[in-house]
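Starting from the known structure of chain R, arrange chain Y on it as the hints suggest.
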Amino acid sequence: MKTNWGILFFRPFEKIAGRRALFWGILGLLVSILLSFWSGYHYHGLLHYGAAPNDALWVYVVEHLVIWLVPALLFLLGGLMLSKSKVRALDVMGTTVFALLPMLGMNLFNFLPPMQKLLVMDVADLVNPESAPPMTDLLVMLLGTVFTVWMLIWLFNALKVSCNLKGTKLVLWYIFAVVAGDVVCRFIISWFYSL
Amino acid sequence: MNEVKGRLPYKCPSCESELKVSKLHCKECGTDVVGNYELPLLARLPEKDQRFILEFVKTSGSLKDMSQKMELSYPSVRNRLDDLIEKLINMEELL
Chain R
1 MKTNWGILFF RPFEKIAGRR ALFWGILGLL VSILLSFWSG YHYHGLLHYG AAPNDALWVY
61 VVEHLVIWLV PALLFLLGGL MLSKSKVRAL DVMGTTVFAL LPMLGMNLFN FLPPMQKLLV
121 MDVADLVNPE SAPPMTDLLV MLLGTVFTVW MLIWLFNALK VSCNLKGTKL VLWYIFAVVA
181 GDVVCRFIIS WFYSL
Chain Y
196 MNEVKGRLPY KCPSCESELK VSKLHCKECG TDVVGNYELP LLARLPEKDQ RFILEFVKTS
256 GSLKDMSQKM ELSYPSVRNR LDDLIEKLIN MEELL
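Protein sequences appear in the order of chains R and Y. According to our numbering, the first sequence is numbered sequentially starting from 1. According to our numbering, the second sequence is numbered sequentially starting from 196.
No wet-lab data here; the hints were simulated from the structure. C-beta atoms are modelled at their ideal positions from N, C-alpha and C, and glycine is treated no differently. It is possible that part of the hints are untrue.
Think about it this way: if two alpha-carbon atoms lie no more than 20 angstroms apart in a straight line, the pair counts; the simulated SDA-like pairs of lysine to any residue are [said to hold, decoys possible]:
(1) Lys-84(R) with Val-171(R)
(2) Lys-86(R) with Lys-282(Y)
(3) Lys-86(R) with Lys-169(R)
(4) Lys-84(R) with Ile-280(Y)
(5) Lys-282(Y) with Leu-82(R)
What follows is a list of derived Cβ distance ranges for each label pair [to be verified]:
(6) Ala-132(R) with Asp-244(Y): 54 to 62 angstroms
(7) Asp-244(Y) with Ile-153(R): 27 to 35 angstroms
(8) Trp-24(R) with Lys-264(Y): 21 to 29 angstroms
(9) Leu-283(Y) with Leu-8(R): 26 to 34 angstroms
Chain R with its partners taken away, still in its complex shape:
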């Protein structure tokens, strides 16, 4: 059978959703928790990652649960309000957690020496010409964002397929869910850091 790479890489939810997506997504989330724990990279929000004041394993678990459940609940809310279709929570939860799988690539990337150097750097070090990392390191850091973009594409398709949204409704709710989701995630996660 001919492999459709477009579906495989960009629109996986045409083929997988519901329980199967939930299973693989949660499995990926567990692996991601361990990889993040070992690399020292925390998820402060949906789009932010780096060092954190608390390196306990439970903090990584909470971070991962928050960055899954907050966008998933916002997607579900959008689906219930805007979609004409009957939206199943199982599909929204499953596709959203599956859409976080590219994080695994990002987590592996975070083991590379330039990413480990970045972890202990201040913003001031980055802009200071004397302490700024070399261009090759910056390129490696930039390449890592490919996985974030990939995750965002999958999240877009998760909302589109699980809630059957189209056009302006889809684009506007997606932007709102990602931006507001990131803010809410950061707020909740920073509260856990203070515990």
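For chain Y alone, kept in the frame of chain R given last:
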């Protein structure tokens, strides 16, 4: 030689307007019925949609069975059905 079965056109190839039936022919006795008849609603759908409806009926309306048969996820099949329902409602309103 095999007889080539043409697809029923539902739109005018020249101006894209909807086509009507003006002539029916009996293959047995050669009788022609000429008039001005509307195409049934389902016959106006593209062949892909007609096939989808046929499969849907054959699976007793089970989206789960449909998704297995079509190798698509459950919400993908449900979305396709919902889009088709919307299309049919719009077509009915135009009648």
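Hints and how they fare:
1. Lys-84(R) with Val-171(R): Distance of about 16 angstroms is within 20 angstroms: holds.
2. Lys-86(R) with Lys-282(Y): Holds, at roughly 17 angstroms.
3. Lys-86(R) with Lys-169(R): Holds, at roughly 16 angstroms.
4. Lys-84(R) with Ile-280(Y): Holds. Lys-84(R) to Ile-280(Y) sits at ~11 angstroms (cutoff 20 angstroms).
5. Lys-282(Y) with Leu-82(R): Within the cut-off at roughly 18 angstroms; holds.
6. Ala-132(R) with Asp-244(Y): 54 to 62 angstroms: With a Cβ separation near 59 angstroms, Ala-132(R) and Asp-244(Y) satisfy 54 to 62 angstroms, so the hint holds.
7. Asp-244(Y) with Ile-153(R): 27 to 35 angstroms: holds (28 angstroms)
8. Trp-24(R) with Lys-264(Y): 21 to 29 angstroms: Holds: the Cβ-Cβ distance is about 22 angstroms, inside 21 to 29 angstroms.
9. Leu-283(Y) with Leu-8(R): 26 to 34 angstroms: For Leu-8(R) against Leu-283(Y), whose Cβ atoms are near 32 angstroms apart, the range 26 to 34 angstroms holds.
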